[in-house]
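Using the sequences provided together with the hints, build the complete structure.
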Amino acid sequence: MSAAPLSVAFSHSHHLLAVRGCDADLDVLVFEGREALSQPFSYRIEFTSSQHAISREMMLLKPASLTLQAPVDQGR
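Letter by letter, the sequence shown follows residues -12 to 63 of my numbering.
Honestly, the hints are just simulated from the structure, not real lab data.
Among the clues, some could well be false.
Below, simulated SDA-like cross-link-like pairs (lysine to any residue); rule was C-alpha separation at most 25 Å, straight line [as the list claims (entries may be wrong)]:
#1 K49 with E22
#2 K49 with R21
#3 K49 with H1
#4 K49 with L3
#5 K49 with D12
#6 K49 with T35
#7 K49 with P27
Given below as structure tokens:
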């Protein structure tokens, strides 16, 4: 009998990264972006994951979304 991997239901991270075709939980470390009128845009996102079998092909040139969330109010 093998134990199924646990999934995190709550995270303190204020950034959510989702990449099409990748079901791994991704934890954003840092990101930066560049945008300008009539110029190409670029974003660089550094992330980690507890799932080590993520290949470059699963990440590069794939549609993705980066969501920024406000911290949860702790009643302070």
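Structure versus earlier hints, numbers of those that do not hold, lowest first: Failing hints: none at all.
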